[in-house]
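Protein sequence lines correspond, in order, to chains H and C. Sequential numbering from 0 applies to the first sequence in numbering that gives the first Met the number 0. Sequential numbering from 0 applies to the second sequence in numbering that gives the first Met the number 0.
These are calculated hints, taken from the structure and not from any lab test. Here a beta-carbon is modelled for each residue, glycine too, at the ideal position from N, C-alpha and C. Some hints here could point you the wrong way.
Not the full set, but computed from the structure, chain C residues with beta-carbon under 7 Å of chain H [as the list claims (entries may be wrong)]:
#1 Phe25
#2 Leu97
#3 Pro101
#4 Trp103
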Amino acid sequence: MSTDTMRRRHRRLRWSRIALAVVCAPIFLFLMRPLVVVFPVSVSSAPYLQFPPPGFSLRWYESYFGDPVWIDATIRSLVIAATTTLASLLVGMPLAFSLVRGRYFGRVLLDRLAIAPMIVPTIVISVAIYDIFAKLRLIGAWYGIALAHTILALPFVIIILGAGLRGLDESLEQAALGLGASRWQAVRRVTLPEIRPSIVTAAVLAFITSFDELVVAMFLAGSQMTLPKKMFDNIRMEIDPTIAAVSVLQILIITTALLLSQRFGRGATVMDVD
Amino acid sequence: MAAARRRQRLLAALGIPALAMLALLFAYPVLRLMALSVEGGSLEWYAKALGERLYLEVYWITVRIAVIVTVTTLLLSYPVAYFLATTTPLAAALGFALVILPLWTSILVRTYAWMVLLGRNGVINKSLLAFGLVEEPLALLHNELAVIIGMVHVLMPYMVLPIYAAMRRVDPDLIQAAEGLGAGSFRIFRRIFLPLSAQGIYAGCILVFVLSFGFFITPALLGGGRVIMIAVLIEQQVREVLNWPFAGALSTVLLTATIAIYGLAQRATSERAGEAA
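Model the full assembly from the supplied sequences, consistent with the hints where possible.
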């Protein structure tokens, strides 16, 4: 091939790269636009939604931190999310072991059942649980919401832990057993450290699934607000830009959680699951 | 042999807590809800759900929005996935952050942000007025368009990720071979990338379509009560009308449609996998 045609091809390749970037730039902007816009609104001095903001003020942050209803809702959501994380790992981890390594009758069915809450629309699950919980007088109980959220988080937990376990070299565990470790020791000292990135990722996902969940909470919370429910009610009534301040805080919390998981999960992300 | 059997029994036992939880808090409630819809052995609620014009309209809106959202999401996601799969590692990392960050941000935050953007006094209307492009603020909010925009934004990562994953599985040697044989980049794209990423497109479309089918938050907020998708209708029936049997019938319709789509998709996938094998 002559250098001339090579050069021409190179130029053509470069042009197609530029064309691609030109197509993609506005799409990236579209993705980021809503996240960027809440920042200026949150520090606006206007008492209602106005753009561009007429002046700078921190009053919406003050109104968030000064309002016990917002703070209670936030704390309740944090407690529910932490409980959900713990419960879904406690139930999900043994399940993941069972599904990946077991060869017993009914395993496939159990696998389907555990993934199903991801497929069944949340509105259907919410209404169904609402009916049961109303009879059990569990409406308004924070742990009722945590239980329901655990069902929603379970598919993520077992998909991610399952992927981690499948990628694990089982001979390591065999070696530990051969060297006289008990089964529990082998799991605790060899397997769990090996799949730590998956555990961290699963925990973060479970936490966010719950912390960000609205539909179930809307039915089960009763008068006990969770953060998403309070946000939803506020947005529906379009009260004031406090919601923007809350949004900014939430973006910061989630980003921190993600960075922490990157740090401790050694770079494990959802993308590891193909 | 006995040890292996004991191990299997132990492994099966590990699944019991989860099984109990799923049975009590998921399978039983959902089945009960479905049973409510045929209480007394009558099918009147299904006759209502499937026969009355008002509700057929709701399904039609739901399907229409789901289709538009899926197609739009695909059109926007494909170039982004292609860009991410073929660019330098640094640009890919940056682009990924842009795709993933919205995924991690609360749907409520994003929906609220769209209200800021699309509202009467929102960013877009203010800009249009400032540039003299319109005389009066446009009604951008509380209609189907707003719902579609919001849903596309929420669902895009679910489309980008599977397509990207499929593209990454394309063997780079194949591209080099094609380049070496003199194929231009468009031709490489059309003859190699597109067919090999079809699997990802397919997976992404199913995911986005099914998710948008049962969507609640975005239509409830951006639709402002004017865009009634099926999930919004179910919520109304339970919380405002307290018509449980009818909500049960609607839930059954939604659930059946969702499972049918997944089932068909799965069959098509395994058939294709069978062809490839």
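Please check whether Phe25 (chain C) passes as an interface residue: C-beta within 7 Å of a C-beta belonging to chain H. Holds - the Cβ of Phe25 (chain C) comes within 7 Å of chain H, reaching about 5 Å at its closest.
Should the hint that Pro101 (chain C) touches chain H count as held when the rule is a Cβ pair under 7 Å? At 5 Å from the nearest chain H Cβ, Pro101 (chain C) passes the 7 Å test, so the hint holds.
Tell me if Trp103 (chain C) is really an interface residue toward chain H, meaning its C-beta lies closer than 7 Å to one of theirs. holds, 5 Å
Double-check Leu97 (chain C) for me: the hint is only fine if its C-beta lies closer than 7 Å to a C-beta in chain H. holds, 5 Å
Violated hints: none; the structure is consistent with every hint.
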